[in-house]
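Trainee: I would like the entire structure built from these sequences, with the hints used as guidance.
Protein chains: 2
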Amino acid sequence: MPDHALEPIFHPRGIALVGVPSSDGVPGAGGGSSGFLSSLIEQGFGEKGGLYPVNPKATEIRGLKCYPTLLDTPDPVDHVISLIPARAVPTLVDQAIQKKVRSIHFFTAGFSETGDPEMAKMEQEVIGKLKAAGIRAVGPNCMGLYVPSERIAFMNGFPKESGNVMMISQSGANAGDVVHGLGRRGVRFSKVVSFGNGIDIRAHDLFDYAAADPETEVITAYIEGVQDGRKMFEAVKAAARVKPVILLKGGLTSAGARAAHSHTGSLAGSIDIFEALCRQTGAMRAETMDDLHDLVVAVNTSVKRVRGRGVALIVGGGGFAVLSSDAIATAGLEVPPTPDETKRLLNEFIPVAGTSVNNPIDTNMGTPDVALKTLRIVAAAPTNDVVIAAPNIGQRAVQGAPDPDTEERERQIREQIKTSIDTYKQTQDETGIPIVALLRDRSARPEMLDLFQQEAYAAGIAAYPTVARAARAIALMLKWRERREGLPAVL
Amino acid sequence: MPDHALEPIFHPRGIALVGVPSSDGVPGAGGGSSGFLSSLIEQGFGEKGGLYPVNPKATEIRGLKCYPTLLDTPDPVDHVISLIPARAVPTLVDQAIQKKVRSIHFFTAGFSETGDPEMAKMEQEVIGKLKAAGIRAVGPNCMGLYVPSERIAFMNGFPKESGNVMMISQSGANAGDVVHGLGRRGVRFSKVVSFGNGIDIRAHDLFDYAAADPETEVITAYIEGVQDGRKMFEAVKAAARVKPVILLKGGLTSAGARAAHSHTGSLAGSIDIFEALCRQTGAMRAETMDDLHDLVVAVNTSVKRVRGRGVALIVGGGGFAVLSSDAIATAGLEVPPTPDETKRLLNEFIPVAGTSVNNPIDTNMGTPDVALKTLRIVAAAPTNDVVIAAPNIGQRAVQGAPDPDTEERERQIREQIKTSIDTYKQTQDETGIPIVALLRDRSARPEMLDLFQQEAYAAGIAAYPTVARAARAIALMLKWRERREGLPAVL
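Respectively, the protein sequence lines represent chains V and X.
Under this note's numbering, the first residue of the first sequence carries the number 357, and numbering increases by one thereafter.
Under this note's numbering, the first residue of the second sequence carries the number 357, and numbering increases by one thereafter.
Hints are supplied without guarantee of correctness; some may be wrong.
Intra- or inter-copy, both count: the list cannot distinguish identical chains.
[What the hints assert, rightly or not] 20 Å max Cα-Cα, derived SDA-like pairs, lysine to any residue:
| no. | residue 1 | residue 2 |
| --- | --- | --- |
| 1 | K699 | E841 |
| 2 | K516 | R544 |
| 3 | K729 | Q782 |
| 4 | K699 | D472 |
| 5 | K477 | R732 |
| 6 | K699 | H617 |
| 7 | K587 | P692 |
| 8 | K404 | G419 |
Calculated from the structure, these hints are not laboratory results.
Mentor: So this is what it looks like as structure tokens:
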């Protein structure tokens, strides 16, 4: 276990869920627990460490023995998830001190963020007691920890495998969107911490931890308000010197700032200040949640190596090529005309009529041989710094047309996906030019698109749902690299 | 049949497909025919009129008798789809004149758009002969006609039902994206014409037709180049005086213009010129294909009645609410703070802790009763001109948790969708404030999201996949309405 002050919170030997309702994890049951217990069971924490529901009104929840109070649970309990109302927290804190736990995660909301002076006073007392006892607090008003290597998760459906991305989030919902959304694209996480109002552990502590954590290679964060501006600046700067850091700030408009104040009590920052923070620390700025997702994919694939603005696009459909070119240009990149020699090579097997080799190259790359030949020739053209190409991902059966049986068709599609990715990877390895997959196959089934992007990601190939998003990710990557000139390379 | 010169091309009694390959409609077979025959079979044209494959190398294709030449087909054949190479077209034209057909659709590419002077000469000769014989031509280099009432389609999977939207497209691929994409959202079409290089029938003819067509209430178009600027301007202006017209122009950047020139031989126009065209004619300008889709949904739902910029957002998840507020403000709309009286009414059943009633209103509207109460109160607030609310669309079973059987669950979800839409519609009817559905339920199955948006659309409720797109559609609608002041109302 690395020697960082926060390390122990990520390795609890036992977890008690205090106030967990008996309806935990039942679809539509509500009750505010959001399925913490069922998520921990799904991950398999119970097979690894002790998992103890605490609820005086139940004897068993989800097949686990339920305890009347925290003090009744077996030892050791290192981590407590507090699901009780705020007014009951002081009693729980006393019990936690007696129980010698290491950390408490307060899902509980209703502390000082409500603006109620009585609750603010209670919050101060709680902080004082926890500090004195050496117990770390996550939250309040947050979803807490996702640590796949330790089988800890805060929502159902989170991947069980670990990865290299650590996310620091001031919103549990947004952290969930990132894990689910990027999970579908093949991304895996070292740790995700939803830290809410941060009465103890704050964003800067987590950046400090992430920079030191050997399991973390990429850091991303969703932030609403900064409690300690100077510490935050220094922590982000130190982290961004050693690892790529991708930041999204919520509340940059006045409407967003008002919402952030309601959500986490955060005060507004301006776009200019945040932009300056990113520039001065060497962090990448995501302007939207889509940006954050797309940049995480970019830094973990060949997009990180893109050397310039020349984009070659290989995609069938003339009108689609036109709108795509507009989208690439709007993102600040170029669609350079194909050099004559490259055109000549392409016209050896691409017919003149009905298609264009001018860039965009209007072809469907019908067979693997044609795909490999096309990609190699296009990637080798001196004008092109990156190639965006749309793979075929298994057409659905046409109604009424002859079609092989489903199982055989499924096998063929999986084979087609594997071959496409091999082709992309081979071209990329040979030429050093990043190949990016565009997932626009209208006839593909959603689960096959997911399979494609996961397998592609594992092979170092980025996949994006639209040309606009691919182009934007490439443009943001180039902008960030230009800005970092003089700083150590972290990719 | 209305008395418009183009009307007959939409009502052929028999269709011959000349040069259709025997692999038509076989997945992955290629061959360039794109499944015209299988699409017509799928729509059921063969049950309505004569459907005649012509190919000297086959005796039967897809179960239909195949004829060696056009002259061998039974009478009447009113419409010919030409799938043969350009050099064979003059012979086909002679046969078509002899056969007394009314129209020819040239899927065939390789005419003057190749820049080959010989092909340009041939094109002129073909035009002269067709004109003299009174035969109308669609294309070349296009996908032709989709007329669901006549069971004519050019791609598989097009809806069989008719609707009120006519699309005019200079790209077959983009027309296909519109029909498939908007079809999934519940939109149906009167006619779609992919007219390609327009050697005879051009955009202005089609606008003229669409303005007069009683089946068409909404007109949308994808245009790359304008062949007759003055005629086009007048046709769009006349159409936009009587129906909403939504225009997307490809090739507005220099990269896009180069691609458009390769695609349809079109010359560039500038953003300023196109913007001026839209302003002066009273048309709506879509800047992207997403805009076009979202505006078609807007003009056919209550979004068309939105009266101002005040947006109320009802959605669970504090961080999501923050980013959504930023997105709404970025689109040029407002997220007005909830008036005190409205807050008081909401706080009667929404707890203070952990949620906000400040707008965005951070609640999941757990039960239908709560949803109706919440929507009514929020829509009635004087600050709000439109409400965006995220419905629950059937949570998926949580792994390991107790769950009703699949059939029962499916029934419950369908019921939930129906109830949500009824609630939205009831609130909208009572208050006159448009309610817009945000499809962000991460746990919903894709087919249930589709079901929701189709049923919602049928009830006059718009559904958008993101807050950013909902806000943009609303903002574009307001902008268009402000610009049209002084023009007749068409919505």
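Trainee: Enumerate the violated hints, using their earlier numbering and listing them in ascending order.
Mentor: 1, 5 and 7
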